[in-house]
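> Sequence:
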Amino acid sequence: MTVDPELVDAGELALAADEVDGMALDERDALVSGELDAAEPVGPLDLPPGADPSIDWGVNAHLHPDGSPRIVERHLVVPAELAGLRLDHFVKTQITRLSRTRIQSVIETQLTRVTPGGGLKPSTTVAAGDHFVIRRPARPEPPCPRTFTVVATDPRFYVIDKPALLPVHASAKFYFNTLTRVMAERFPDEPGLQICHRLDRETSGCLVVARDRAAAISIKGDFATKDKVKKEYLAVVDGQPPWPESRADGDGAYALLDTPLRLSQPGDPTRLPHVRMLPGPGGLTSLTRVRVERRTAARALVRCLLLTGRQHQIRAHLAHAGFPIVGDKLYAHGDEAFIRFCDQGLVPDLATLFVLPRHALHAARVTFPHPEGGRLITAEAPLPLDLAGLL
Numbered sequence: 007m008t009v010d011p012e013l014v015d016a017g018e019l020a021l022a023a024d025e026v027d028g029m030a031l032d033e034r035d036a037l038v039s040g041e042l043d044a045a046e047p048v049g050p051l052d053l054p055p056g057a058d059p060s061i062d063w064g065v066n067a068h069l070h071p072d073g074s075p076r077i078v079e080r081h082l083v084v085p086a087e088l089a090g091l092r093l094d095h096f097v098k099t100q101i102t103r104l105s106r107t108r109i110q111s112v113i114e115t116q117l118t119r120v121t122p123g124g125g126l127k128p129s130t131t132v133a134a135g136d137h138f139v140i141r142r143p144a145r146p147e148p149p150c151p152r153t154f155t156v157v158a159t160d161p162r163f164y165v166i167d168k169p170a171l172l173p174v175h176a177s178a179k180f181y182f183n184t185l186t187r188v189m190a191e192r193f194p195d196e197p198g199l200q201i202c203h204r205l206d207r208e209t210s211g212c213l214v215v216a217r218d219r220a221a222a223i224s225i226k227g228d229f230a231t232k233d234k235v236k237k238e239y240l241a242v243v244d245g246q247p248p249w250p251e252s253r254a255d256g257d258g259a260y261a262l263l264d265t266p267l268r269l270s271q272p273g274d275p276t277r278l279p280h281v282r283m284l285p286g287p288g289g290l291t292s293l294t295r296v297r298v299e300r301r302t303a304a305r306a307l308v309r310c311l312l313l314t315g316r317q318h319q320i321r322a323h324l325a326h327a328g329f330p331i332v333g334d335k336l337y338a339h340g341d342e343a344f345i346r347f348c349d350q351g352l353v354p355d356l357a358t359l360f361v362l363p364r365h366a367l368h369a370a371r372v373t374f375p376h377p378e379g380g381r382l383i384t385a386e387a388p389l390p391l392d393l394a395g396l397l
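Using this note's numbering, the first residue of the sequence shown is number 7, and each one after it goes up by one.
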C-alpha cells in the first residue's frame, strides 16, 4: 500500500494516485476516515454496500458530457523565500510526496509556465512570482454521494448536513467528488463560500459554511477558540456503556471521559505510528462528555459533547472505554483489519466485520455565535437512516 501523509487544504489540488510508491508503513495515511486520504489507485468503482442508486454518486464526475476526461490543474507560485531554488526542488517543497523521478516526469510532461520565461527543465532556477501550472487528465474517482441538505440558511452562512463518505476537500483520490466541488456546482453565484471547520469523510452531519469573507473570519475564529462553540455528536457503539441515560425531556447528566490522548509514534505498540491516537500518560488533555440516548440488546446510541478537540477524540475515547463505534476501521478491530482494508478495500469479509461502509458517527448539533451580533445559532441534522437502522 502507498499513501500520502499530507492534509490537503481548501482549494488545493492533489496530483496522481501513483506518486508515492515506496513509502514506509510509518508514512501511511491509510484512509484515516477522510482526514488523510490514501494516494493509492482507486480500485473498483463499485457503489458502497446499501448505496441508494437514486442519488448521484459521481461515477462519471471526471468526464465531460461528451465522455472526454476533464482536466485537473494545480497552480504553483514561487514565494520570495524560495526564489533561487532549482525547479525540481521547488516542486518538491510544494508536493512533498513526489519522488525525484516523478518530479522530473511531471516537469517534462505536465508542467507549463504561466509567467513569461524560457523553456523548463528540472535544473531551471525559479524566481519570486514565477507561476507554473500542472495539468493532467482526470481519472475515475471512488463513488461518493454528491448531494447534501441545507439545514439552516442565513444571509451570512449555511449549515449543511454533509453525507457520509463525501470528502470535504480535494486530495490525491478525490478532486471532483468533494463537498467543495459540489457546493460550487449547487451555488454557482456564490464564489465566496468557505467551509469553517472540519468533518471527516466518513462522518455525516452539521457543517457550517460562511457565505462571505467577513463571516468566514468570524466563524472560523470562534471554532478555533472552541469556548464559544458547542458540538454534539451521536455515535452508535457496540456494547452497553454504564453511563447516564437521557431523560424523557431530552436532557440528563453526562459522564466524563478524560483519558489523555497522543498521536502514536514509532516504537509504540501499534503498526500504525503517526496514524492512531493512543490513550495514556504523555498525552494531551482530552475531555468528552457522554450519555446514552437509546439502547438495544447489543448496541447503544451515545451523545458525545466535545470539550477539547483532539484528532479522533470521540473515536479513541469510546474505543478506550470498551465501546468502539460501529464501523470504525481504525479503532474497533485492531491494526491488521485496518491495514487489510487499506490494501484490499472493503472486501466481503471486512464488509461483514465493519457492518457499515463508514463509521457510525454523526455531527448531530452545532451551536455557534452569529457573525453579526454574536447571538447563538443552533442547527441540527437528523440521525441518518443507516445509523438508525443499527438500533
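Be a bit skeptical, because a hint or two may be false.
[Claimed, not checked] Using C-beta positions, here's what the derived DEER-type ranges look like:
no., residue 1, residue 2, range
1, Gly245, Thr115, 51 to 57 Å
2, Gly125, Leu88, 17 to 23 Å
3, Gly288, Arg119, 27 to 33 Å
4, Ala134, Gly245, 56 to 62 Å
5, Arg219, Arg145, 30 to 36 Å
6, Thr155, Ile77, 37 to 43 Å
7, Pro122, Lys236, 51 to 57 Å
Bear in mind the hints are in silico, worked out from the structure with no lab data behind them.
Predicted model only: the values in this text are computed from it and were never measured.
C-beta: ideal position from N, C-alpha, C; glycine also.
> Please go over all the hints and tell whether each is borne out by the structure.
Evaluated hints:
1. Distance hint for Gly245 and Thr115: a CB-CB separation of about 53 Å, consistent with the stated range 51 to 57 Å.
2. For the pair Gly125 and Leu88, the beta carbons lie near 20 Å from each other, so the given range of 17 to 23 Å is met.
3. For the pair Gly288 and Arg119, the supplied restraint of 27 to 33 Å is violated, since their beta-carbon distance comes to about 48 Å.
4. Between Ala134 and Gly245 the Cβ separation comes to about 58 Å, which falls inside the hinted range of 56 to 62 Å.
5. Checked against the given bound of 30 to 36 Å, the beta carbons of Arg219 and Arg145, roughly 33 Å apart, stay inside it.
6. Distance hint for Thr155 and Ile77: a CB-CB separation of about 31 Å, inconsistent with the stated range 37 to 43 Å.
7. Here the CB-CB span from Pro122 to Lys236 is close to 53 Å, well matched to the stated 51 to 57 Å.
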